[in-house]
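S.K.: Okay, here's what each chain looks like letter by letter:
4 protein chains.
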Amino acid sequence: MPFRVAVVGTGFIGPVHVEGLRRAGQEVVGILGSSAEKSKQAADRLRIPTAYADFDALLADGDVDSVHITSPNRYHFDQAAAALKAGKHVMCEKPLAMTSEESGKLVEIAAESGKAAGVNYNIRYYPMCLDAAGRVASGELGGVFHVAGSYVQDWMFHPTDFNWRVLASEGGELRAVADIGTHWLDLIYSITRLDVAAVCADLHTVYPTRQRPTGNVETFSSGAGGDIPTEPIAIDTEDYGCVMLRFANGARGVLWVSQVTAGRKNCLRFEIAGEKESLAWVSESPNDLWVGHRDRPNEAVIRDPGSLAESAQGFSDYPAGHNEGFPDTFKMCFRAFYNSIESGGQPNYPTFAEGHREIVLCEAILESHQEQRWIELNTK
Amino acid sequence: MPFRVAVVGTGFIGPVHVEGLRRAGQEVVGILGSSAEKSKQAADRLRIPTAYADFDALLADGDVDSVHITSPNRYHFDQAAAALKAGKHVMCEKPLAMTSEESGKLVEIAAESGKAAGVNYNIRYYPMCLDAAGRVASGELGGVFHVAGSYVQDWMFHPTDFNWRVLASEGGELRAVADIGTHWLDLIYSITRLDVAAVCADLHTVYPTRQRPTGNVETFSSGAGGDIPTEPIAIDTEDYGCVMLRFANGARGVLWVSQVTAGRKNCLRFEIAGEKESLAWVSESPNDLWVGHRDRPNEAVIRDPGSLAESAQGFSDYPAGHNEGFPDTFKMCFRAFYNSIESGGQPNYPTFAEGHREIVLCEAILESHQEQRWIELNTK
Amino acid sequence: MPFRVAVVGTGFIGPVHVEGLRRAGQEVVGILGSSAEKSKQAADRLRIPTAYADFDALLADGDVDSVHITSPNRYHFDQAAAALKAGKHVMCEKPLAMTSEESGKLVEIAAESGKAAGVNYNIRYYPMCLDAAGRVASGELGGVFHVAGSYVQDWMFHPTDFNWRVLASEGGELRAVADIGTHWLDLIYSITRLDVAAVCADLHTVYPTRQRPTGNVETFSSGAGGDIPTEPIAIDTEDYGCVMLRFANGARGVLWVSQVTAGRKNCLRFEIAGEKESLAWVSESPNDLWVGHRDRPNEAVIRDPGSLAESAQGFSDYPAGHNEGFPDTFKMCFRAFYNSIESGGQPNYPTFAEGHREIVLCEAILESHQEQRWIELNTK
Amino acid sequence: MPFRVAVVGTGFIGPVHVEGLRRAGQEVVGILGSSAEKSKQAADRLRIPTAYADFDALLADGDVDSVHITSPNRYHFDQAAAALKAGKHVMCEKPLAMTSEESGKLVEIAAESGKAAGVNYNIRYYPMCLDAAGRVASGELGGVFHVAGSYVQDWMFHPTDFNWRVLASEGGELRAVADIGTHWLDLIYSITRLDVAAVCADLHTVYPTRQRPTGNVETFSSGAGGDIPTEPIAIDTEDYGCVMLRFANGARGVLWVSQVTAGRKNCLRFEIAGEKESLAWVSESPNDLWVGHRDRPNEAVIRDPGSLAESAQGFSDYPAGHNEGFPDTFKMCFRAFYNSIESGGQPNYPTFAEGHREIVLCEAILESHQEQRWIELNTK
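Residue numbers (this note's numbering), protein chains in the order written: chain G, 8 to 387; chain P, 8 to 387; chain H, 8 to 387; chain C, 8 to 387.
Next up, chain G with everything else stripped away, as it sits in the complex:
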């Protein structure tokens, strides 16, 4: 029997969850938008049986086994807590909460609930990322020397680009680091399993003033078109950030993020130098993994379900050469989540503890930037 799932959020990412859930063989029984009308529209468009009037109606739906939360960041804490307390599994979009105090509480609430509590770090589920993790876990890479990479976009390139995420009040004090940088940080953690011991960050707001559409600007609306009236608004979140990392084992790292690099649409890159080999991956060609060698030719590994690392087996459905992509990562993250619930074993998905870890990291990054110095962490 499939799990019966309700989805919260009808913007870009809500429907992606709906599709991913269906591909993962689960049943989407209801959806909640920012109003009863929005719920109805989405339910019709996506052919979902129930449109909830509000979050309480969703909680009260006894048919619902599991809730996927894709609402704006500031609702995550309340909704996740309430859903867990209502006896439902929760898969929450990142960031798990607005502060580490909140996310720390959610970890406790999840533990008390006995329910599965996951954060949708879907990028882990690119098969070649899972494969990279398998290579590290097996010892093939040897110890990690250093990790470098980036997550770069251009959707905030123009000073006329605007989205609720640029406002600290809506999305949190960190933006580029929190929105995309945490994907990179989580990915590197999922591959290397290294704890971050200290960070040193430099953030920069390229456009301290942007143009915001005037009038009734909806939370989910995207950037202003050419002839929409706008007004200037001061921006207090970063367009660019760089973070140097020290891992608990002495390895080093560096990440840079940008939302104002023309031509990079959504490009995550990493390069992990290890004692025995190196690994590099670029999200623009997600079916390829580069494995660097000193004493023999480098390898250009093509995703092939039959030859993935053992821990990655079962998370790639299409034969080699038949590219999988971004939508498939949702399917696989949800497969991991629901398989893990069914099997009853250790969570094999990004947990609330891992979601909390990212928020602790973000707070240290912000503190480092504000104080212009290295900040040590106690992630464990």
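Note that these hints are calculated values from the structure, not bench results. Treat each hint with caution, since some may be false.
Which copy? The list can't say, so a pair holds if one copy fits it or any two copies do.
In silico SDA-like links for lysine to any residue, alpha-carbon gap of 20 Å or less [what the hints assert, rightly or not]:
{"#": "1", "residue 1": "K283", "residue 2": "A307"}
{"#": "2", "residue 1": "K283", "residue 2": "H211"}
{"#": "3", "residue 1": "K47", "residue 2": "E180"}
{"#": "4", "residue 1": "K112", "residue 2": "G32"}
{"#": "5", "residue 1": "K45", "residue 2": "A58"}
{"#": "6", "residue 1": "K283", "residue 2": "T212"}
{"#": "7", "residue 1": "K92", "residue 2": "A64"}
{"#": "8", "residue 1": "K47", "residue 2": "P9"}
{"#": "9", "residue 1": "K283", "residue 2": "P304"}
{"#": "10", "residue 1": "K47", "residue 2": "T358"}
{"#": "11", "residue 1": "K283", "residue 2": "R303"}
{"#": "12", "residue 1": "K47", "residue 2": "S314"}
{"#": "13", "residue 1": "K112", "residue 2": "K122"}
{"#": "14", "residue 1": "K47", "residue 2": "E26"}
{"#": "15", "residue 1": "K112", "residue 2": "E361"}
{"#": "16", "residue 1": "K112", "residue 2": "A93"}
{"#": "17", "residue 1": "K283", "residue 2": "H165"}
{"#": "18", "residue 1": "K112", "residue 2": "P166"}
{"#": "19", "residue 1": "K45", "residue 2": "S197"}
These numbers were taken from a predicted model, which means no experiment stands behind them.
Given the structure of chain G, go ahead and fit chains P, H and C onto it with the hints provided.
M.R.: Positioned in the frame of chain G, the structure of chains P, H and C alone reads:
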């Protein structure tokens, strides 16, 4: 209301249809395997309500609006004809039939039926292929000078690799050209809309003997493992083929196909030289289109739903930088098929006439090889 | 002591020889242009001691050990024959002559002379091409299944592009195949050492009329600028060609060439499918060789002097990661030529016999196109 | 008349200068090795007329117009100072000196001498790097937002890899940053002309102990082979480094360097995000420049002498598609140097002031690492 669809075939490609149909918002109501038991297993595994005992049971199911045929090639004609006559829409896997006589009849049967009749040339539906077609249609490319490309795999690389498709009796006298070459030929047709006037082909069976697993070898079983007993079998289909093309407008073309090129898992490439620019695409990086210019820098176009050619609009769901892949092409091909039915206009999908066209081409290619000379076609 | 070399030709390729000779440690003692004045200008510009008034003056120069011929194609036969008879080594630009009758005679003249006689198939000397040849020679590749590739440019893209090479009277009846296709054919020969048994070709003149600058158009002048008066001229040489190949061992091949593909500046590609692995190379990234495998990851080999195939050792001077390019191939081809002379052993460079082989091939290709059928060769 | 040049140093880079000088049309009249015997051997091997017994003999050679210094770093100051005072032009390998005190003095000595004084930052002279600089200078890029990149190698990957450069006493306290990082820093400066206002660095010695060959280890000898006796030696220079940068205009930057990343042979990458477009370049494909756009397709620019930025014109000799490489950058750097002398105008090459600038930067980077904080600079 979604269309209610029955799927025939439970091998590799049947479940791909199931997933694509669901993502396209259609309802999969039943499935048919090579036996009642296989139907049942697939229905359970894929959570499909009805498992048919046989094809007649499927035809008799009044709930079924549409049938997707993914059975072995030699069943396509009978099943497609029967389904159309039973008043159901048909989406058939390629090749449409075993001979042009059959496929020609199917074109007539489809016309008489008044039902939609499509062939699943899914590769057309990579958004950058649709975009390429839009560029040609708009005149941006100018007249086509020549087209070159390939479809290359390695799944038949070893003489111990075996599949029913290598036997002419099961898959037809052409193999590499028919299985993969026709995808390329259809793709080029869909982009350029050029008719082929003449072909000159050279085919080669690299391994005239292969090892076939002995005993009860199922039609769908894949290559022999290390310790399965095998027996030698003479192979009468090509591992490699090359076809020179002349198009009706005087443009030239060349295609080569191989199933024995180590390291190329499933690689389709084309390069179209036009009067004003060139276009190149590789299926291993399907989100990228190369646009070549003589007098200004070449462009590396990244798939972006907002900037696709007008005719490609609506066939890409994920933002730029969020890679779509092979599974998405099924979703989009089926979206085109069912939208076309709903809108009632001209078919905006690969029709039976176009499926027939490919079989006519294949017969000319085979004749050319056998006679070692150019063969002219009358495709129109 | 370095060899003392005279260079014939002061167009694009003559100075490339001068530079390559100097880098290879040889001494350029004199140069000959299309007039005494041109000789003088080139000698001054390139700092060469002697400017010859004419070819006889060059032949009479007792200081000259060796002559590099880079004059227009139609002079090659006379100049090469005369230089050999005058007791000088000859390195001739391709094509060796205008007809196989001529090139056959040159092979005889060379043998009688006892002098070294080479053809400048410089592309063989990209280190990764030499390495590919080493891989085939060592048996690493196993038997060759098939070879496919292309040589594509855009310098004749516009109907206003003009060069003496487009005229059969100046450059020969074949153009794209002879100018660039023969580089590919020679390269594949140098790698695989397979003889061509039969060819089937299709040639196409995309622009049967071009605009030629009027007035005193010099042989070496390049395409017409915007405001130079031009006149239409009928073109009888191909802009595009495709050749299917059968090798003596049963392997197959296909080559296409084009000089009208916008955006491809000078792009040679090959893909060799062998019994044990595949090799692919693209001249745009000449320091990389792709090695394809069926049962393990593909390799992206980076040029590294220390790990080249043994037969390629000594033909790459710069460490891995320090790219070598087109100019380096001349240095290496000339190093091979002069080392071979010094060592007195078997020629380890493209010989007149191999230059003759290409002309025989070209004549078969032209005949195949004219007769629209396969033509068999006796290259040996 | 060519300049008459003497070269100091016969290791890897000395002969590269010899070749580059000859290609640039200059005359190499003499060479100096680490002993009279080494001078003689190199002179013979490279066919250079004069082998100097020592540096004084070189200085005393009245035929010498110019001296190229490629000796170990610690000799640069004395040799450069002496050569300038002897009235010779100087082209010095980087780093210009061991300390900023020394390099500062050299700037003064150069000014007093009235001679040309350059530092061989050859990487600037990749044509696409010159082109990038031209794009910034012309305003095409707009203001620089941020710059990120790396210089990564693997030649120190194993703890048994050894070279005099790993010892602070021989090469200076900084290694990876000084050896390769300064190439990146200079390149970015040459492109953006932005001064660095502050740095924050983290350095890491992955192998604090390496194996050094015992016995008479020559300064220039490379890593230990398998059966050479070795002894452990403590290493006090970094294998890895990361530097965050703030430029005087507020732009940000980040550079990481590594000499222990398996599979990266010698890979320099940069990505410059500007107000109007982005630029990216990778030294492994030096003939390509990526130009990123937000509102139109990205461009993949191929080196083409005819379409380079105006300031880059004259520094690329081979037509588009005929790859230039690492050796060509020496030719072009020397062309710039000697053309600049001949023309008598402003230096159009990396000056001693710019070489000094790098050493000031390095000292700030080292101080930042030692003090674990941001360090401000006064580069101007």
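S.K.: Since the copies are identical, ignore which copy is meant and state whether K283 and A307 lie within 20 Å (CA to CA) inside a copy, between copies, both or neither.
M.R.: Close inside one copy (16 Å) and across copies (18 Å); limit 20 Å.
S.K.: Given identical chains, is K92 near A64, meaning Cα to Cα at most 20 Å, within a copy, between copies, both, or neither?
M.R.: within (15 Å within a copy, 48 Å between copies)
S.K.: Up to 20 Å between alpha-carbons, please classify K283 paired with P304: within, between, both or neither.
M.R.: Cα proximity of K283 and P304: in one copy and across copies (13 Å, 17 Å).
S.K.: When no copy is specified for K47 and S314, does a C-alpha distance of 20 Å or less occur within a copy, between copies, both, or neither?
M.R.: neither (44 Å within a copy, 30 Å between copies)
S.K.: As a check of your reading, is K112 near G32 (CA-CA no more than 20 Å) within one copy, between copies, both or neither?
M.R.: neither (31 Å within a copy, 39 Å between copies)
S.K.: Checking an output row: K47 and E180, CA cutoff 20 Å. Within, between, both or neither?
M.R.: neither (33 Å within a copy, 54 Å between copies)
S.K.: First find the shortest C-alpha distance between K283 and T212 inside one copy, then the shortest across copies, and answer within, between, both or neither for a cut-off of 20 Å.
M.R.: between (39 Å within a copy, 17 Å between copies)
S.K.: How would you label the pair K47, P9 (within, between, both, or neither) given a Cα cut-off of 20 Å?
M.R.: between (23 Å within a copy, 17 Å between copies)
S.K.: When no copy is specified for K112 and A93, does a C-alpha distance of 20 Å or less occur within a copy, between copies, both, or neither?
M.R.: Cα proximity of K112 and A93: one copy only (16 Å, versus 61 Å across).
S.K.: With identical chains treated as interchangeable, where does the CA-CA distance between K112 and P166 reach 20 Å or less: within a copy, between copies, both, or neither?
M.R.: neither (37 Å within a copy, 46 Å between copies)
S.K.: State whether the alpha carbon distance between K47 and E26 is at most 20 Å within one copy, between copies, both, or neither.
M.R.: Intra 17 Å, inter 25 Å, cutoff 20 Å: intra-copy only.
S.K.: Please work out whether the CA atoms of K112 and K122 approach to 20 Å or closer within one copy, between two copies, in both situations, or in neither?
M.R.: The answer is within: 15 Å in one copy meets 20 Å, while 59 Å across copies does not.
The structure fails hints 3, 4, 10, 12, 18 and 19 (numbered hints given earlier, in ascending order).
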